[in-house]
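Enquirer: Its first residue numbered 37, the sequence shown is counted upward by one per residue in the numbering used here.
For the record, the hints were derived by calculation from the structure and aren't laboratory data. One or more hints might be untrue.
What the hints assert, rightly or not - Per label pair, the in silico range of CB-to-CB distance:
hint	residue 1	residue 2	range
1	L75	I41	17 to 23 angstroms
2	F52	A95	17 to 23 angstroms
3	S86	D61	32 to 38 angstroms
4	E64	I41	30 to 36 angstroms
5	D39	L98	34 to 40 angstroms
6	K90	E64	17 to 23 angstroms
Even glycine gets a Cβ: it sits at the ideal position worked out from N, Cα and C.
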Amino acid sequence: MSDLILSSNLTHADNFYANLVAAHDGLEKAESDAFNARLVLVLANHIGDSAVLKQALVAAALKQE
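Make a model of the complete structure from these sequences and hints.
Expert: Here you go:
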């Protein structure tokens, strides 16, 4: 089993962010939300490891412990 990488691991982070913002450009709120949902599913499929995905869900939760 792999572990979720939480340290900085994104090459060309500024370019990725610019592309992400551009992908949302001109979308209504509902369209943007749907785009985000599709993106999450595409990336989850790419990761493919349910244990890593579970770690990501926990890491992304906004719950205070």
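Enquirer: Against the earlier hints, flag every one the structure doesn't satisfy and list their numbers going up.
Expert: As far as the earlier hints go, 5 and 6 are violated by this structure, in ascending order.
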